[in-house]
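Protein chains in written order, with this note's numbering: chain W, 1 to 281; chain X, 1 to 308; chain F, 1 to 264; chain C, 1 to 264; chain B, 1 to 270.
These aren't lab readings, by the way, just hints derived from the structure by calculation.
Please note: incorrect hints may appear among the correct ones.
Calculated cross-link-like contacts (lysine-lysine; reagent style BS3-like; alpha-carbon spacing at most 30 Å) [claimed, not checked]:
no., chain 1, residue 1, chain 2, residue 2
1, X, K143, X, K154
2, X, K87, X, K55
3, X, K142, B, K57
4, B, K57, X, K222
5, W, K123, F, K73
6, W, K73, X, K306
7, F, K19, C, K92
8, X, K277, B, K57
9, X, K177, X, K156
10, F, K120, B, K21
11, W, K35, C, K120
12, F, K92, C, K19
13, W, K123, C, K92
14, X, K156, B, K49
15, X, K156, X, K142
16, X, K142, B, K49
17, F, K92, B, K21
18, B, K49, X, K157
19, X, K87, X, K306
20, C, K92, W, K35
21, C, K120, C, K92
22, X, K143, B, K57
23, B, K49, X, K222
24, X, K143, B, K49
25, C, K92, F, K92
26, W, K73, X, K87
27, X, K148, X, K177
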Amino acid sequence: MKSDTNLADSTPIPSISPSSNYLITNGLGNTKRSKRIATWMLFIVIIVVCSIYIDVTPYQLFVGLPEMGVLLKEMFPPDWSYLPTIWAPMLQTIKIAVAGTILGAIPAIPAALFSANNITPNKWLSLPIRTLLNLVRTVPDLLFAAIFVAVFGIGPFAGMLALLFFSFGIIAKLTYESLEAIDPGPLEAMTAVGANRIQIIVFGVIPQALPAFISYLLYTFEINIRAATVLGFVGAGGIGLLLNQSLGLFRYDRAATIIILTLAVVLIIDYTSTSIRRKLL
Amino acid sequence: GNNAKTTNAAEPAKGSTTQTTETSAKPAETGYIPKELEVQFVPSQNAETLEAKTKPLEKLLGDQLNIPVHVSVSPDYNTIVEALSSKQVDIGFLPPSAYVLAHDLRNAADLLLQAQRFGVNDETGQPTDEKVNFYKAMILVKKDSDIKTLTDLKGKKIGWQDVTSSAGYVFPAAELKKAGVDPETDVQGVTIKGHDAAIMALLNGQVDAVANFQDARNVVAKDVPDVFEQTRVLHFTAPIPNDTISVRSDMNQEWRDKIAQAFIAITEDPEGAQIVKDIYTHVGYVAGDDANFAPVREYAEAVGQKIK
Amino acid sequence: MIELRQVSKTFPNGTVGLKDINLNIQTGEFVVIVGLSGAGKSTLLRSINRLSDVTSGDIQIDGQSITSASGSKLRSIRRNIGMIFQSFNLIKRTTVLNNVLSGRVGYHSTLRTLFGSFPKRDVEIALTALERVNIREKAYIRADQLSGGQQQRVSIARALAQEATIILADEPVASLDPLTTRQVMDDLQRINRELNITTIVNLHFIDLARDYATRIIGLRAGEVVFDGSVHEATDEKLAEIYGRPVKADELLDSSRDMQGVGVV
Amino acid sequence: MIELRQVSKTFPNGTVGLKDINLNIQTGEFVVIVGLSGAGKSTLLRSINRLSDVTSGDIQIDGQSITSASGSKLRSIRRNIGMIFQSFNLIKRTTVLNNVLSGRVGYHSTLRTLFGSFPKRDVEIALTALERVNIREKAYIRADQLSGGQQQRVSIARALAQEATIILADEPVASLDPLTTRQVMDDLQRINRELNITTIVNLHFIDLARDYATRIIGLRAGEVVFDGSVHEATDEKLAEIYGRPVKADELLDSSRDMQGVGVV
Amino acid sequence: MNNNNHLSSSSLTIRLRNLRKWMIALFILVIFIWSMLGLDYQGFQSTSKVVSLSILKGFMHPDWAYVYLPEGEDLLRELLETLVISILGTFVSAILCIPFAFWAAANMSRLRLFPGMGKFTLSVIRVFPEMIVAILFIKAVGPGSFAGVLALGVHSIGMLAKLFSETIEGIDPGPQEALIACGATRLQTIRFAVIPQVIPQFLSYSLYRFEINIRSATTLGLVGAGGIGTPLIFALQVRNWNRVGVILLGIVLLVVVTDFISSRLRRRII
Ligand SMILES: Nc1ncnc2c1ncn2[C@@H]1O[C@H](COP(=O)(O)OP(=O)(O)OP(=O)(O)O)[C@@H](O)[C@H]1O
Ligand SMILES: Nc1ncnc2c1ncn2[C@@H]1O[C@H](COP(=O)(O)OP(=O)(O)OP(=O)(O)O)[C@@H](O)[C@H]1O
Ligand SMILES: [Mg+2]
Ligand SMILES: [Mg+2]
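One chain only, chain W, in its complex shape (with noise of 0.2 Å):
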């Protein structure tokens, strides 16, 4: 093999010999190796303590499956004669989850932006942002709603603000998370020609993350169509608290029909929204 002792010498590296350098190498690779066993490890030991923790019984879940079946029979045929009830409550809740992720995602724009570390690197600017953000997400709805009846009575607004709290901090989050891990080139680019700030979102940002931003708002619209149970609470109608009531008086099959409605919707939101976005993109 001439050839490729010739090549190793045109090499500018320093020569160690192949063998003692495998060795080097190949060490290297085992030290990372044993980390990740250790992590996976350690993962499997916290999924057990927990299991064992809260009485985990997949056994029992096995011979449970049939009870399962009985009730999803319950809910075959669907109650068709339901329909007409709960289309006004539908179109409320439809208004309310327009309204309610609209205006949550005005501010999340700016909220991510000065959260993701790649575009905001001052921390005194992030950081307090980010803990607002995390309270916002964490107060749960069922609070918000308590506190805006309160405030401003029962009432689809009130519902609407419920929505709006939490549709800001979902899309702002998962928005910056996103935003941090967008292609840093165009950004270098920008910034090499010189541009500031809201000119690098404007042209490097922006085109790289506006689809994630569609579609973290059109998720959260579908969540909030779906989290008629809030505006239940707070007097607003709605399609949830029908569902509740026909839960209430079991009537399965009416809660078949407000499913089979809500999916109709949110296929035909889902398919609007995409068909825009290929003509906005």
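Keeping the supplied structure of chain W fixed, place chains X, F, C and B with the ligands upon it in accordance with the hints.
Just chains X, F, C and B with the ligands now, with coordinates in the frame of chain W:
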């Protein structure tokens, strides 16, 4: 038409009259013999203080029955009825309507005991020291309201609870109907979740009347101390039976007796009585009589919630 | 004028990128940086407009220290430095024209550019720049639908449209065919001469370097191992840069005996 | 043997990538494809191992039609075709060694490779391949911490480790210095000769093409405009490929008058 | 001139595209206004001042006694249970959703119908109300934390798999091509070219879901499936603001701590 079996803890079920349900046809000696007991508690709506605590009762019952007892709490009765019917729960503290549904609709539970609470003084809304096994619903209006009778409610805005709530909808609505006001068409109904929220809505003038348990104003009084001065009871309904203690329908008769005895024994012990009162606001238990629940069925039917 | 004083750069993983670099580049020079792959050429260019911070030392652009500048001062220094990236760094999801126009944002107020509206003049500048690199017909196509060389040309057009006084080009012709290579290098040379624009180019081909450069800098393992005019860059000197003699066939001559090629 | 019969390819956006291509490439040939940027060189290579489906026509590899193969048959054809990508296509977030090892998955059952464990022999093959392109010392470094040329070399090592009978290389030396360029091209030539491996390389430099190829194919706007031996590839023929005369200075000769340069 | 022609035709397409953008913006605006009009804003309520004050007072004086009770069922232990349920629930859903995610990802299949079916399935799972999922599992395994784990786990498949599949759709196709060109099977391509690219995002979404699950404890409380939710609902129902205050404080602390740890993890992974 449901002439369900009366299960009486004090004198075992020989006195059963017309036995229509399948489950009760079983001989008393057979049936399910528990090795451990799964108990779930669902509060009825007339509680002003509640604790989501289970351990004390687990201990009290366990001591009495000598088998392991596991107690859980749930704010929603649907799950308990479903769990009873799939035999995942052996004993349920069920609100009246939930008991009727579980018993009539699912054949999942039989009545064992009924809880007693202190009565409420109609005038002051404060508790008396009389132990009763029923409570009432009421329709509240603002003190200065010009609504004086039930018929005045025509065309007004009423805040109901869920349509499944005995005190918040079924009883008052049925009596409204009796008085000639159709609760579905003659009034403007608004569903409000929570008796407290309903009273707040009344105070804020968002609704003209609300249906509540007696006397839900005590809950609101923590925030609005003069709630009693601001409001007036327009109407009290017929008594609603208190929470039940029900057992799964295939429970062995001997064990039914044992369990009933155990609960009664707990309330007779001062320490036990205190615990049960603190957690569930129960002050005693009496043998349950399914006949007491006839009004629940009747009223439900009156508002179009016929239980098949 | 670009001045580097004792510039060093060590990456977080311990790799030494640059080691004690001292350079003085006069206005209007056409400097070509050569060196092995991994020698630190990209790192050097990226330090000059401070895309990567140096570990120690100071870099001055026309007397202003870019290593200590910040805020709008740093931005205005950068606006005058155009950069062509080795990996193009295009905004893939927008059109070619928008990519080129983005090179002009430094000239406009934030508000104006916020809505992506540029004066007609800017659009013309951008289209002219695209014409120079022969892809004006792709102006309204999304950048991710281009071939490798076409993407590289868009990145060049962006730097041209920036109308900077310094151009840093990191292997601007790596993916280009000889024709376009010549065109691009000629273009760089022309603006260097006509507008007296300081130009620093990383190149792999010594011949190309000799053709265009007024000065060649050789890097090896992060150190400057050669710095001189084209005429001084003799084969011996190049041997130092590449760590061994550069054989005739590595000069990419066209007349050669294939059997005589070394390494086989 | 690779046979292309009336192969055409039109992209969804209407761009014509290839137009009615007919080619016969014998086992052991060293073919260099030249052409302007955007001529369709990458598209042609990607069609041969069916990374992009052709619109019409048929491509046969050793008598088997890859255009109609599927499932495990398609996979086994592909396993015998190594590819070096213009844009490297490295898995950035894993180590260099893992990248190279991924070239060997075709030899193992899915189950075995799922847990990422390769036989010792494979690791040795991978390390040898890295040694050939001079970056063995980076084996345990994450691929995104490499310089451009280093990344290109990893991608070459991956194709070498695959031990294929056909190698398709899409501008394998675009980001490499002349030294490494020669080494890589020599290596390709050596395995082409010693192991009789059919090699198809896209190149931009005609000189390099003339040095290594046994046959040169010229593409222009998706069509084959030249196909012949190195000796046939005269300057006039090249003029056809590039659409105008190739001037002396475009051959990257080292002796030339700078003022004479054309395109300005 | 040819050039001019070209220019004008392309500026026309640009103008058309802008017009379309404005139309869509207008459409969204109209929908927004329509929904705002349905909101029936009634302004501040007469009791809002007293009530907010009493809520605020409750929050200012949290029920510290509830933090730790010797006999159990205090804040700390309920939070621990919530944490454990969330960990297991997240684990269940993170595992279960991976096949769904690949099923629904459009770039993992040549066919259009197949991922379409996957997306539809996920939509169905998503619209299935949490309540019903919880009831289903309570019927199977009885009330308690295990039912909570299963309900959380299965319910969140829909969302997690949707986010995962979008991540998969967004990856760089280059490495996949490289693997395909080596003759790798579909699974091998996924293992070597897809997984390394999506792992950080997967973990990030799982951690995010973990956080949501902690919050969902309130919903689970509705069905008595364990954790801090039930005490919170009870406290809310009887307007015991001091208790609500201390519970909220506990949840906030728990989420902040887990968020801190998870962002640490994320940084190490990326
Ligand atoms: N982000 C990074 N982290 C760690 N090491 C890096 C990083 N970027 C580059 N390096 C290392 O620094 C050295 C110099 O890299 P640089 O990119 O400057 O090389 P180059 O001369 O441009 O090479 P090429 O011609 O291959 O592009 C290389 O050894 C490279 O591996
Ligand atoms: N995904 C795509 N969609 C639409 N058009 C494409 C796509 N990929 C390539 N093209 C177009 O097809 C033509 C041929 O592209 P190809 O990548 O084969 O060129 P090439 O000869 O490899 O050029 P280069 O030397 O610049 O890499 C180009 O005009 C290009 O714009
Ligand atoms: Mg470089
Ligand atoms: Mg190409």
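Comparing the hints with the structure gives:
1. X:K143 <-> X:K154: holds (18 Å)
2. X:K87 <-> X:K55: Cα-Cα ~22 Å, so holds.
3. X:K142 <-> B:K57: Answer holds: X:K142 to B:K57 is near 27 Å, not above 30 Å.
4. B:K57 <-> X:K222: Holds. B:K57 to X:K222 sits at ~12 Å (cutoff 30 Å).
5. W:K123 <-> F:K73: At roughly 22 Å apart (the allowed maximum being 30 Å), F:K73 and W:K123 satisfy the hint.
6. W:K73 <-> X:K306: holds (21 Å)
7. F:K19 <-> C:K92: holds (27 Å)
8. X:K277 <-> B:K57: Holds, because 28 Å separates the two Cα atoms, which is no more than 30 Å.
9. X:K177 <-> X:K156: holds (14 Å)
10. F:K120 <-> B:K21: Within the cut-off at roughly 21 Å; holds.
11. W:K35 <-> C:K120: holds (21 Å)
12. F:K92 <-> C:K19: Roughly 27 Å between the alpha carbons, so the hint for F:K92 and C:K19 holds.
13. W:K123 <-> C:K92: Answer holds: W:K123 to C:K92 is near 28 Å, not above 30 Å.
14. X:K156 <-> B:K49: holds (27 Å)
15. X:K156 <-> X:K142: Roughly 13 Å separates the two Cα atoms, so the pair holds.
16. X:K142 <-> B:K49: Given that 30 Å is the threshold and the Cα spacing comes to 19 Å, the pair holds.
17. F:K92 <-> B:K21: Roughly 20 Å separates the two Cα atoms, so the pair holds.
18. B:K49 <-> X:K157: Holds - the C-alpha atoms of X:K157 and B:K49 are around 24 Å apart, at most 30 Å.
19. X:K87 <-> X:K306: holds (25 Å)
20. C:K92 <-> W:K35: Distance ~21 Å between C:K92 and W:K35 Cα, so the pair holds.
21. C:K120 <-> C:K92: Roughly 23 Å between the alpha carbons, so the hint for C:K120 and C:K92 holds.
22. X:K143 <-> B:K57: holds (28 Å)
23. B:K49 <-> X:K222: Cα-Cα ~14 Å, so holds.
24. X:K143 <-> B:K49: holds (21 Å)
25. C:K92 <-> F:K92: holds (18 Å)
26. W:K73 <-> X:K87: It holds: about 18 Å lies between the C-alpha atoms, which stays within 30 Å.
27. X:K148 <-> X:K177: holds (17 Å)
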